[in-house]
Amino acid sequence: MTAAPVTSGGLTALQAAAAAAGLTVLSSASWPEEEDSEVTPLAGFIDSNFSPLVAEVAGRALRNRAGGPVQPQATAGLTAIVLVTALGDITSATRVAAVVDAGTRVPPLQFFQCVPNAVAGYLAARWHLAGPVACVSGTSAGLDVAALLIDDGDADDVLVVRADLAVNAGQRDSGAAILVTRLKPSAEGGS
Amino acid sequence: MTDAPAVIAASAPATGLAARRGPGLAVVTGVAAVSAYGPGTGALLSGVLSGQPAFAPVQRFDVTQRRVRVAAAMPGLPDLLSEVTGAVRDACDDAGLSPSQRARTPLFLAIHGDPAMARAGRPDQPAHGPEAFTAAVAGSIGLAEQHIRCYMSACVSASSAIADAAALIARGQAERVVVAGGYLVEPDQFALFDAGRVLADDGQVRPFSAGRRGILLGDGVGAVVIESRQVARMRRAPVLIRLAGWGRSGDAYHPCLPHPEGLGLARAVVAALHRAGLAAGSLGYINAHGSGTSHSDPAETNALRLSLGDAAAEIPVSSTKSLHGQALEASGILELIVTLLAIRKGMLPVNAGFLGADEGCRLSLVLGEALATTAQFAMSLNSAFGGANTALVIGLP
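From first to last, the protein sequence lines stand for chains A and B.
Numbering follows my numbering, with no gaps: position 88 of the first sequence is 88.
To convert a position in the second sequence, counted from 1, into my numbering, add 1000.
Chain A with its partners taken away, still in its complex shape (with noise of 0.2 Å):
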C-alpha cells in the first residue's frame, strides 16, 4: 500500500498542539500503523470508516496510558471527548446526499452516524467518560477546548482525537488520538 494518510503526521501535529497548549500527554496512538490494512468494523456503524476509525485509534489511546489502561468504570475523575475533524463523516454525508438525490430513503443506521458526537457517545459508554464531548474544526482548535475544559474544571483530562477520512483516491483514512491532562506544579517536581 502506498497511499499516505490523509492527515500526514496526525499524531506529531496533535503532541505540538497539546505542548502549545501546555498539556501533559498520557497516551497516545495512531492509524495506521505499520500492521494496518483495514479499519476494524464497529456494531451498529455501516458503510463508512469514520466512527469505527475514531473508536479504534480512541481505544488505542486508552489501553495505551502510561502506568496501565483506561479501565471502563473508572471513576477518579471525569474525561472529556474531544473530536477533531476537518470534514466529519464525509462518506456517509455524500452517501445520504447521493440516496437524497434519487428519491430513495435513508436507511435509518445512517441518521445518528452522520452526526460525529455520536461515535464519541459509543466511547463515553464504552470506557465511562463523562466529561464534556465537543467537536471541532483544527487540531489547535481542539487542543485549545481541551485545555479549557481542564481548566475550567469541567474535565480532569481529555481525550482528544483527530480522525479524517481520505478524499483523494492517492490517500489514506488517518487518526491520532492523546490523553492530555495540565499537571499541577508540584506533580512537575516544582517544574
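Rather than coming from a laboratory, the hints here were simulated on the basis of the structure.
Cβ-Cβ distance ranges computed for the label pairs, FRET-style: (1) T104/A <-> Q1173/B: 44 to 50 Å; (2) G22/A <-> A1136/B: 28 to 34 Å; (3) T12/A <-> S1050/B: 53 to 59 Å.
Built from N, CA and C at the ideal position, the CB exists for glycine as well.
With chain A's structure known, arrange chain B on it following the hints.
For chain B alone, coordinates are given in the frame of chain A:
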C-alpha cells in the same frame, strides 16, 4: 430544598469547585437572529410570545417520500452562508463594534457544515469544509483571521461555543468573541431524521406532554457578541444580558440516548449555577432542551429535579422548540437569544402543543399564554447525541 452541591459531590468527585470559573464577567452586547418567524429578533420575540407554532408543510424541497412533511421554515430558498453572514454583521452592528474592534475579534461558529459539501466532487470537498465556511463568514465581516473555531457537536454546538467564549473571557484569555450558529431546514438532515422516525407525525412538538410524538426541524440562525464587562464599559457599550454561568457535561451512557436519570445534565446545571453563584431558587425561567421525544423529556425532568431539588417544581419552564422547531447545531444560540429577549421583555413564552400531564414530566410548565415575569435570572438547556449536555445561566444587567 435539595442542596445542589450534593449532586456535584455525588457525581463529579474530582473537580474542584474553586477552579470553576475565572474572575472576569462576560456580557452580551450585540444580538441578531433569523427564524421561521422571519428576520430579526423582533420577529422572533413576537413569534414565540404569540404562542403560535411556526410549523407548516415543507415547500423548500421535495418531501413526498418522507413519513413527516412539516417543519418551521422561512419562505423561499434562503442561503446559509448569506444568512449567517448577515446575522454576524447585524450582531456586530448591534454591539457597535468598529472595524478595528472587529479585526481583533474571533468567530466561533456552530454549524453542521457547508450544505454544498456533500454534493461537491471528492477533491473539492475540503474547500467546502466547516473551517472554510467559517473563514468566509469572518472574512466578509472583517473579523479576526486567527483563532476561528467551528463547532460541530450536534445540538450542543452553539451552546458549547457560548460556554467556551464566556469561559475564555472570564479567565482573561479573550476580551471579546462573536459566537454564531446556523441551521436552515434542508433535505439531507430532514431525510435522516425522518428515517430515524423521530419526527412528530402529528405535525406538532409537544415537550413534556402526554401524547408527544417527537421533534420537528426549524430554521435558526443567530449571533451574539460576548465580551468582558470591563471592555464593554470602557467603550460604553450597553449590556443586553450577563452570561452568569455555564456548565458542560457528558452522560457516558449511549451514542444517541440520554441517561434516563438525567445524571449528566444535572451536573451541567449544577456547574452553571455554581459559576453564577446562584441558588436554584434564584432562577425565574428555564428554557428547557425539551425535544418532545419519549426518552429525552423524562430524562430532562429527572435532571432538573436532581439538580434543583424542590425549586424544580416552582420555576416556570417551557421548551421553545415547540414554537420555532429544532435548529440542530444552532439550537443553543437561537434558544439563548429567545431566553434573553424573553426576560428582558418580562414575558415568558409558552410550552406549546401541550395535551395533558405526563407523570414522568411533572414541571411548572408555562401553558396557555405567555406569562409575565420579573425574573432576573434564566437558564437555557441543551442536550445532544453523544450524551453531551450544556446549561447556560443569564442575568439581567
